[in-house]
Amino acid sequence: MSEQSAVNDLNKPSVKMEITDEVMIQIIAMHKWFGQFHVLKDISLTVNKGERIVVCGPSGSGKSTMIRCINRLEEHQQGQIIVDGTELIGDLKHIEAIRRDVGMVFQHFNLFPHLTVLDNLTLAPIWVRKTPRHIAEETAMKLLERVKIPEQARKFPGQLSGGQQQRVAIARSLCMNPKIMLFDEPTSALDPEMIKEVLDVMVELAEEGMTMLVVTHEMGFAKTVANRVIFMDFGEIIEQNEPEEFFNNPQHERTQLFLSQILAH
Amino acid sequence: MSAMTTGVRAPGTHPDLPPPPTEVGLRGWLYHNLFSSWPNSILTIASGALLVWILAHILPWLFFDAYWSGNERSDCPAAGEREGACWVYIKVWFKQLMYGRYPLEELWRINSAYILLVGALIPLIIPALSDRLFATPATWRRTVGGVMVAALVLSALLGTPTWFPAIFFWAAVGLFVGYGFLLVVGYPAMAVLLFLVDLPVHPHVDTQSTGWALFLAVLLALEGVLAFAHRIWPRFSYKAALGVMLLVVFPPLCVYLFSGGALGLETVETPLWGGLFLTLVIALSGIVASLPLGVLLALGRRSNMPVVKSVCVVFIELWRGVPLITVLFMASVMFPLFMPEGVNFDKLLRALLGVMFFASAYMAEVVRGGLQAIPKGQYEAADALGLSYWKSMGLVILPQALKIVIPGVVNTFIGLFKDTTLVLIIGLFDFLGMAQAVSTNPDWLGFYVEGYIFVAFGFFLFCFGMSRYSLYLERKLETGHRR
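These protein sequences, in sequence, are chains W and S. First residue of the first sequence: 4, per the working numbering; consecutive thereafter. First residue of the second sequence: 120, per the working numbering; consecutive thereafter.
Any given hint could turn out to be false.
Footprint (simulated), chain S over chain W, 3 or more residues, beta carbon under 8 Å [claimed, not checked]: (1) 99-108; (2) 126-140.
Partner residues are not named here, just some residues of chain S that face chain W (Cβ under 8 Å, in silico) [stated by the list, open to error]: (3) Asn-159; (4) Ile-161; (5) Pro-390; (6) Ala-492; (7) Gln-497; (8) Glu-499; (9) Leu-504; (10) Pro-561; (11) Gly-565.
Below, in silico cross-link-like pairs of lysine-lysine (PhoX-like), each with a Cα-Cα straight-line distance of 25 Å or less [unchecked claim]: (12) W:Lys-133 to W:Lys-96; (13) S:Lys-537 to S:Lys-522; (14) W:Lys-182 to W:Lys-133; (15) W:Lys-158 to S:Lys-595; (16) W:Lys-96 to S:Lys-428; (17) S:Lys-358 to W:Lys-133; (18) S:Lys-537 to W:Lys-133; (19) W:Lys-151 to W:Lys-96; (20) S:Lys-510 to W:Lys-96; (21) W:Lys-158 to S:Lys-428; (22) S:Lys-210 to W:Lys-158; (23) S:Lys-510 to S:Lys-358; (24) W:Lys-158 to W:Lys-52; (25) S:Lys-522 to W:Lys-158; (26) W:Lys-182 to S:Lys-428.
No wet-lab data here; the hints were simulated from the structure. All C-beta atoms, glycine included, are put in the ideal place defined by N, C-alpha and C.
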């Protein structure tokens, strides 16, 4: 199974970085409705700087919706979300300030097909942070080297494989120097061979101390890198714990059911 | 293996044979496309015969038996007796068909605007050409210098005043040598100085050649300014400057050139404008205005702000819901009724505004289709990177959306170009209107067919040209970003 091979290759000891007390994301009693449907119920979550959190759960549990609320791709109707000291309300200035510091990687990459890889990376720094073009390009090339595909800089996204596209997407978010990275099922649309290359990049990112919130089914990744695993079902956070405790000693019966399904063969 | 396998070669030794003759080349194409079965073959022969019969009747009338030579009524027999088309009719009425009733001595104003438009447009719309001509400052200078030498030759042929070549020589030298200062300040100053010096000597300067001279001098001054700007500011984009000039400077310049009334240009009222000139004025105004306005309306219609959305919806549905003929009629007849006494809003201007709003409503829906086709993920990725609404639209969404709807946009343009013929209803004589008006001339009764054929041919040239350009554009923009 893909996770097993990924785990076997992640031959590193658990990466436990220093977690500071500085609070990066605070979600307080957040509720969200899609029309009449109560999709997120009383979500409360605190994420400190340097923490890596994996969110898992069955489809439709609201995990993607929750992290999309953090950078206002979805709006919450009740409760508070505070990102790096700025509260997320309707005010456009707050939203844009938060989006500048929060990077997001999507399941379907969402690269801009009409621009080269290099232009994809430099677009936001040039137009949002007003970085001069040559500096933006330098940073972009460094990041492409970090994700191990510098030779693809002049190509268009359509000419790249899925794994390469996702790595470009990660590099694109990193170009903006974010404080927090959100990952919405980054490897769900990839072949098994490509999953590893993307997970490697994410593990390196974790080792460098990036605050990460990852929605994924890759349990091997959770075991290796996560400080905390959160299980969500039907819009509620059912359980959250350190990976060892979570996988070996699930408390709630729904968690146990989910783990038995996802880890069984 | 048995007797069945006699004649079969050993594995790996089969020679490379050519394909059968009925599969390749012309013979193959004919066989597969025209004569593939009995019913198809019969259809091919029948339609071929029909085609030959039609052409055998039309071509002689159009070309072989037609009357091409001469410039007077006597060069064509009476309408009822003619055996071929009388193209002399077109030759005689050519200027009217092209320019309407515009005074003949002032035609240089229209022609100079045409030259300016084509000269500025060609580098912009044919990227390969513009890259070759304007790649570096050196090729830049050579191009502009070449233009000036050509203008020098042209001026000599036109027989312009004596001071004319001097300006060009000065400017050409300055350009080749590369002294920007000479260009920006030197030769316009020279032009004015020499003009003033020459005027007392030649007090009755012929309007036409003076007009040309002034126009060309201004043109070259403009190019000189652009060259100079490029010298002092290397990142200056010549193409952007041309684009800005076309959009910002060219329209008011045209208004001034065509209507006159100041700085020595004689006034030419808009009812005199006509022919292909008027068609182009209306069509180009509509086309150039409808695209940006249409984009804004489409964005507004998709907006979450209720007031913006309602205004856009009402605008689009209102202007789309009535025929263009009604719009023109309303603009021309009803609109003045609402105006206070004495306020006179030019009829052509009213028609132009009507056409612009009408076309924008159509364009808005075409663009909206393109916006809908962009996956939600693109909007989200742009948002997640922190791009503001206008930046994400301008950098991410619209480049993709507009590229998708090129066929729809060009279709709307072509439709608009032909719809301009409706202005006949309000008493403006465009290309088709002039053909109709000219056909009522007592000397030339009965030759209306040639007029209409010529107009149809003219429309076909423009519309087909737009169509081919759109295919070229699609091919050009396709490179690199297949999803």
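Open item on the list: Checking hints one by one. Is Ala-492 (chain S) an interface residue toward chain W, by the C-beta closer than 8 Å rule?
Closed with: violated (13 Å)
Task: Given pair status - Lys-96 (chain W), Lys-133 (chain W), alpha carbons within 25 Å - done: holds (17 Å)
Task: 25 Å limit on alpha-carbon distance, applied to hinted pair Lys-358 (chain S) and Lys-133 (chain W) - done: holds (23 Å)
TODO: Examine the region 99-108 of chain W for residues whose CB is less than 8 Å from any CB of chain S, and state whether their number is three or more.
DONE: With 6 residues in contact (Cβ-Cβ under 8 Å with chain S), the coverage given for the region 99-108 of chain W holds.
Open item on the list: Just to be careful, I want the Cα atoms of Lys-158 (chain W) and Lys-595 (chain S) compared with a cutoff of 25 Å; is the pair within it?
Closed with: Roughly 17 Å between the alpha carbons, so the hint for Lys-158 (chain W) and Lys-595 (chain S) holds.
Open item on the list: Please verify whether Lys-151 (chain W) and Lys-96 (chain W) have alpha carbons no more than 25 Å apart.
Closed with: violated (35 Å)
Open item on the list: Hint check: Lys-510 (chain S) vs Lys-358 (chain S), CA-CA at most 25 Å. Holds or violated?
Closed with: holds (21 Å)
Open item on the list: Restraint: Glu-499 (chain S) near chain W, CB-CB cut 8 Å. Satisfied or not?
Closed with: This interface hint holds because 5 Å falls under the 8 Å limit.
Task: Closest C-beta approach of Leu-504 (chain S) to chain W relative to 8 Å, hint status - done: OK, holds: Leu-504 (chain S) within 8 Å of chain W, min 4 Å.
Open item on the list: Given Pro-561 (chain S) as an interface hint, is its Cβ closer than 8 Å to any Cβ of chain W?
Closed with: Violated: closest Cβ of chain W sits about 60 Å from Pro-561 (chain S), beyond 8 Å.
Open item on the list: Holds or violated: Lys-96 (chain W) and Lys-428 (chain S), Cα atoms, limit 25 Å.
Closed with: With a Cα-Cα distance of about 23 Å, the restraint between Lys-96 (chain W) and Lys-428 (chain S) holds, given a limit of 25 Å.
TODO: Decide if the proposed pair is consistent with the structure: Lys-537 (chain S) and Lys-133 (chain W), CA atoms, cutoff 25 Å inclusive.
DONE: The hint is violated at about 46 Å.
This entry does not satisfy hints 3, 4, 5, 6, 10, 11, 18, 19, 21, 22, 24, 26, going by the numbered hints stated previously.
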